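*Asks:* With chain P fixed as given, assemble chain L onto it according to the hints.
The listed protein sequences correspond, in order, to chains P and L. Residue numbering for the first sequence is 1 to 144, as defined by the working numbering. Residue numbering for the second sequence is 1 to 391, as defined by the working numbering.
No lab work stands behind these hints, which were simulated from the structure alone. For clarity, every value in this text was computed on a predicted model and none was experimentally measured. Please note that a few of the clues may not be correct.
Not close to chain P: a few residues of chain L, all C-beta gaps over 12 Å, as computed [said to hold, decoys possible]:
| # | residue |
| --- | --- |
| 1 | Tyr27 |
| 2 | Ala65 |
| 3 | Gly73 |
| 4 | Asp89 |
| 5 | Glu104 |
| 6 | Pro123 |
| 7 | Ala176 |
| 8 | Gly190 |
| 9 | Glu243 |
| 10 | Ala248 |
| 11 | Ile283 |
| 12 | Ala284 |
| 13 | Gly335 |
Computed footprint of chain L on chain P; a stretch qualifies when at least three of its residues, placed anywhere within it, have a C-beta under 8 Å from a C-beta of chain L [unchecked claim]:
| # | segment |
| --- | --- |
| 14 | 94-102 |
| 15 | 109-117 |
| 16 | 129-143 |
For each residue, glycine too, the CB sits at the ideal point set by N, CA and C.
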Amino acid sequence: MAAFPSVDWFDEVRNVFNADDRYRGAGGGYCNCVAGFKIVDRVFVLTFDGFECSAAAEGDDGSLDDVDFYLEMPGEEWRDMVANIAANGGADLHHTLNTLDLDRADGLATSRHGDQVREDLFFRYNQTLQFFFDASALVETEFA
Amino acid sequence: MANKPAPKPAPPKSTASDEKRTFEPKYNWMNKTRQWGVRVRPGKAGLKLGDLNVGIYGETPTQWADQSRNPRGAVPRRGMPPVGYSIRDKAGLWADCAADLYEEAIQRRWAPATDVPWDTIEPLPDDVEHAVCQVCTELVGYANVDIETITGWQHQMSYGYHEVKQFLATASFDAARHYECFRKRALANGGGLGLEGPGMVNRMILESRGGWTEAVVYLLVMRGAFTMTLYKYLGRHAHNDAERFIYAHALADKARHVTYALDHLKYAVAHADDALQVVRTLIAIGEGGLTRDLRDPVLPEALAVIFAGGVAKAAGRGMAVYGELMGDFVQTYLGYCQWLGVPRDPARLPPPLNEYANPNNAERRVSPQPKPSPNSFANAAGAANPKNAGA
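The shape of chain P in the complex, shown without the other chains (with noise of 0.2 Å):
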């Protein structure tokens, strides 16, 4: 059993995501792109590169001038997201990341570089992104 947030964690989503084939097609795979997580005071990255995620990785508040963007939200949401994956077998209509990014006010996902074209890789890698953080569900969870 993995804890939810920690680089195992990370790592074993990461298994079960680079493992299934269904990511790749309809829409999903060729992703390029480097993410940041905050999740409450810890900063986790994963890298995404062609049809995998590459590397998970924890880093601090610096790591984040660096990624194309990051997703902020407080750590009980955190939770809420991946219990509802965990549950559902994949994020329910009000959990999903694009759900998430329009329910608050300053969205989801953000930049410090403010490079558009890297902020918008979120929206180009929506899907991909919603696949890994799906994989989950067939991870075993604890929460830290």
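*Replies:* Okay, now just chain L, sitting in the frame of chain P:
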């Protein structure tokens, strides 16, 4: 030229049995190459279009003088009549990301016929189905303009910049896919197509004659940012997995088009005299056209019905969400302008855009309550069903 082609093979000596032949191969074409011995290797993601840009094959000059269809890097054939391409300056179409976007579009393709879970669509209240069909009707119109505009300019682009031509081929195919799936959604649940959109922006886009860059400003930045925002909100308020799939994937496609647009405009501004001022002027003109469309009540009303789950709450809750949508669109649009180096003063945007630009103006943003218009379906039968309301 570091590598020479292998010597051409010597023609076989003729024999008696060959004497009737009228064709003697000479293989002269085998010496015709500008660079030989190229061995491009596939990487982790395969052999990508951008990987081919090695040696002379990667040379993309600022102006493409060749007026023929000669593929970049090939030996031109003498005496070829000019085709008459009007876009031969790199600044008129180029985006560094075009090759990567082409690969992305190919690899992230989806098929509405089989990938969309159409069987998840269930009957909706009449008013909601009317609203969904009306929105789909307008989105079909948008997609049609995408196709016509892109293909209308594509054949005027020089072959020297094939990455852009190839990417735009995927963009027009994306648009065809959007045309297909929104039409299918409108006809899949007991409804049908609704009222044609007002079309002021469509006409402005289709009739722009100033060059591809002008079309990019109207079609992919202004309309593109608006359409992206629509997809986000429609995905947020989807009634079933089929709609959710459609809007999520159309959003990814459209984001790719907008990425090309922003990258191209950045390139044009950096490499063409006066381009910055031209883009600034085009944006001001485009905003005028956009606001004329936005004053039409049909799309806001239909969206409000979807967002509120029916006509009963459309005027209040539905229009409030529509105000949020417009606020998000304007913020996105202003962000694009800022990034391109043509910042817009929100207060000087034409109404109603300026009203949505000020987040403190929330009261006013929701003020345009839908009034029954000649084309309104506000009295449509079917009570709001909370079950079908968006989250």
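*Asks:* Now, for every hint given, state plainly whether the structure supports it.
*Replies:* Checked hints:
no. : hint    : result
1   : Tyr27   : holds, 41 Å
2   : Ala65   : holds, 30 Å
3   : Gly73   : holds, 26 Å
4   : Asp89   : holds, 22 Å
5   : Glu104  : violated, 5 Å
6   : Pro123  : holds, 18 Å
7   : Ala176  : holds, 15 Å
8   : Gly190  : holds, 22 Å
9   : Glu243  : violated, 10 Å
10  : Ala248  : violated, 5 Å
11  : Ile283  : holds, 15 Å
12  : Ala284  : holds, 20 Å
13  : Gly335  : violated, 6 Å
14  : 94-102  : holds (count 6)
15  : 109-117 : holds (count 4)
16  : 129-143 : violated (count 1)
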